[in-house]
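Enquirer: Model the full structure from these sequences, guided by the hints.
Residue numbers (our numbering), protein chains in the order written: chain A, 1 to 189; chain B, 1 to 456; chain C, 1 to 104.
Since the hints were derived computationally from the structure, they do not count as laboratory data.
These numbers were taken from a predicted model, which means no experiment stands behind them.
Yeah, the Cβ is synthetic: ideal placement off N, Cα and C, and Gly gets one too.
Be aware that a few hints might be false.
If we take Cβ atoms under 7 Å as the criterion, some of the chain A residues that face chain B in the derived model are [unchecked claim]:
no., residue
1, F30
2, V34
3, D49
4, F50
5, L56
6, L57
7, V68
8, F69
9, N135
10, L137
11, L144
12, G146
13, I164
14, A165
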Amino acid sequence: MSLFFTIFALAACLGAVAVVISQSVVRMAFWLIVSLGSVAGLFFLADADFIGAAQLLIYVGGTLVLLVFGIMLTASGPYMKIPASPGETVVAGLIGVMFLSMVFSTLPASKEWKQSPNYIAETVTPEFADSSEGNTLRPLGFALLGVRPDVGQDGAGYLLPFEIASVHLLVVLIGAAYLARAKRRQDNA
Amino acid sequence: MINTLAANSLSDAFDGLSVPLYGQLSSGDALVVAAIIHAVLVFHVFALCPFFLIWLERKGSGRIQDRLGPTRVGGRFGWLQSLADGIKLIQKEDLCPPVADAMLFRSAPYIVCLASFAAFVVLPFSHNWVAVSADCGLFILLSILSLEVFGIIMAGYSSGSKWSLFGGMREAAQMVSYEIPLAICALIPIVSAGSLNLGEIGDMQGGHLGNWFLFHDPFTFVAFFVFFVVLTAGCKRAPFDLAEAESELVGGFHTEYSGMRWSFFFMGEYASMFALCGVAAILFLGGWHTGIPGVDGLLQEWRLKGAESPEFSPLGYLANVIGAGVFVSKAAFGVFVQIWLRWTLPRLRIDQVMITCLKYFVPISCFLFLGATVWPLMWMFATDDGLTSAPFRSPLGNRATHAVSEGTKESSSTPQSSAPAEAPEDNSEAESAATGENTAMAEPITVGMNFSEVRQ
Amino acid sequence: MLHDPDLNSYLFIGAVLFVCGVICMATKRNAIGVLMGVELVLNGANVNFVAFSRYTTLGLDGQIFSLFVIVLAAAEAAVALAIVLNFYNNHLTVDVDRGNKLKG
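Expert: Structural data, given as structure tokens:
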């Protein structure tokens with residue numbers, strides 16, 4: 001368990017750092033895959049099977065392929081690079097380290113949260129007669145339909161956000177198709 | 001997740017086993033040993049299926065083109081031809097063109113191979129014979145297989161050759177588009193099954209031929225054929241193999257590859273063909289059930305005995321071995337049909353491929369999905385009593401409604417607890433499947449028995 | 001040496017992803033590189049959501065939130081990519097520093 005966690009955590013972090021460091025866009029996309037794929041592995045380890053699979057399907061299989069597609073459509077030459085100036089890189093690195101240390105300084109505050117090592121497996125999934133860990137498929141589905149037996153009467157479902165998200169996706173579909181449609185280039189000269 | 005590993009059952013068997021030169025195995029060591037054994041087994045399935053399928057492809061194409069195909073290597077039928085090819089490919093020089101982006105160029109075949117190998121982790125071969133029995137197994141499998149396209153795009157882009165780039169671009173467009181109807185068609189039997197766990201879906205279809213989801217309703221029947229065509233396109237097989245159209249693109253995305261890296265692409269391709277045909281077999285063709293009532297009942301009886309007895313039972317194991325054989329032959333037959341199609345049909349143009357997907361398959365699969373969700377309601381209107389006593393199954397599946405009625409017993413305020421949960425016990429057609437689902441939850445082993453008792 | 005992961009180890013990864021994403025957004029001049037930075041930031045948030053739902057009493061809500069984040073990130077990427085393509089159509093480059101027509 002901890003071995004897998006270490007592997008995935010290292011891959012996620014190093015992949016993210018490599019995204020920042022590498023200059024070629026396609027290499028950035030490659031490292032982003034490594035990073036996001038390992039994050040999906042972390043989700044599996046955190047007993048969130050469905051989220052992990054959604055991460056793989058939507059992020060890695062969908063969004064990133066879309067990005068690479070965009071890279072290919074906009075590349076003006078092979079292995080296009082647009083380097084940042086050295087000064088910018090140094091400043092960004094400094095700010096990044098400061099920012100990181102600031103965020104890390106807030107980590108001990110997580111002790112304030114009411115920790116419970118296995119809350120979902122103990123509280124949520126038994127309500128759905130599923131005993132194995134990471135089995136959040138059915139609870140998730142019901143929550144998206146607005147039914148929350150796991151939190152009782154006071155629990156709010158997510159039916160309205162779900163509907164809004166679906167309409168939002170439709171709008172995005174139409175909007176993206178409209179924006180990206182082929183137009184005759186005017187300033188070719 | 002770690003608790004759902006099938007390796008646990010084997011590790012129980014190993015626990016406390018005395019090993020020469022080592023002494024007693026602790027339970028942690030037993031788990032590791034069992035996990036390694038499972039990984040090796042799955043890896044061999046993954047490695048052997050290209051081995052066999054490439055031979056099948058050569059033999060099949062030979063027959064279709066009225067020649068013999070490989071005949072010499074390994075005695076009769078040339079059955080060791082793939083091994084000879086493999087040895088030849090290992091000996092070849094591993095080339096990397098100077099204009100290529102070397103790091104991406106070298107890693108692309110591994111991405112393809114890794115993605116199609118990882119898909120086998122959630123693919124069950126027989127009752128309870130699965131490495132990870134995840135509850136959203138089908139979803140995980142499809143999402144892992146969708147990673148394969150990335151390796152191909154990487155290969156196409158990093159080769160620094162226009163043939164590869166064109167091949168990669170076509171591949172990206174084609175696979176991303178065909179993923180949509182593939183996922184929708186895979187959801188159609190799920191509507192009837194009410195579960196995404198591939199093992200449970202397979203267990204539900206025991207009994208006889210009528211229990212296969214292929215014959216569940218007219219929509220699933222059509223959906224199977226759409227699914228099969230779409231998965232053929234998703235595996236970039238002919239007549240949709242535009243990414244490697246030799247006549248126009250030399251070799252497509254793998255033009256610049258040689259030796260083992262080249263063969264990794266093909267291992268990945270054949271393995272994912274097998275995995276997707278296996279999914280089709282589980283979703284529509286009854287998985288590891290033969291479909292013959294007597295035989296299925298007998299096998300189920302053996303499994304039941306195996307489950308009852310506390311120690312290892314050879315009969316239950318034998319039943320599972322037969323089940324795995326049935327499953328593998330179904331999936332291999334699916335691959336054979338793909339090979340048959342490849343050597344029979346001419347290749348489409350790229351615009352025709354995209355039009356076939358976006359203008360035909362997506363609307364057809366959406367319509368079928370809608371039909372499959374509405375189908376249970378037809379039973380409601382067909383009977384006089386209407387809602388209360390119709391063989392009504394909620395589109396969510398009976399397991400789900402059961403879960404809600406259990407969950408709302410305390411609060412008793414949510415409306416869902418009323419109609420679907422009180423489904424009657426005495427009807428014939430649809431309810432039998434629901435009963436099967438209920439028992440599947442309690443003890444999955446009895447499902448097939450239930451079917452054969454109810455239906456015969 | 002290796003102990004079982006806890007809440008803080010997940011939050012640590014989330015923080016690293018987040019900061020890398022922010023730096024990526026700030027330094028990359030390629031519009032698609034900026035987009036990748038956004039994806040990293042959103043993933044850092046996702047890791048935190050899932051970790052909180054696993055290790056605290058937040059329950060299922062964390063997972064649902066991360067699901068929505070994933071869906072909306074996909075939508076955002078589609079629109080942003082359409083904008084980038086439009087930008088490329090007008091400027092023949094994806095260098096965001098060249099988009100300075102509104103500069104006074």
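Enquirer: Please flag the earlier hints that this structure goes against, numbers listed from lowest up.
Expert: 2, 11, 12, 13 and 14
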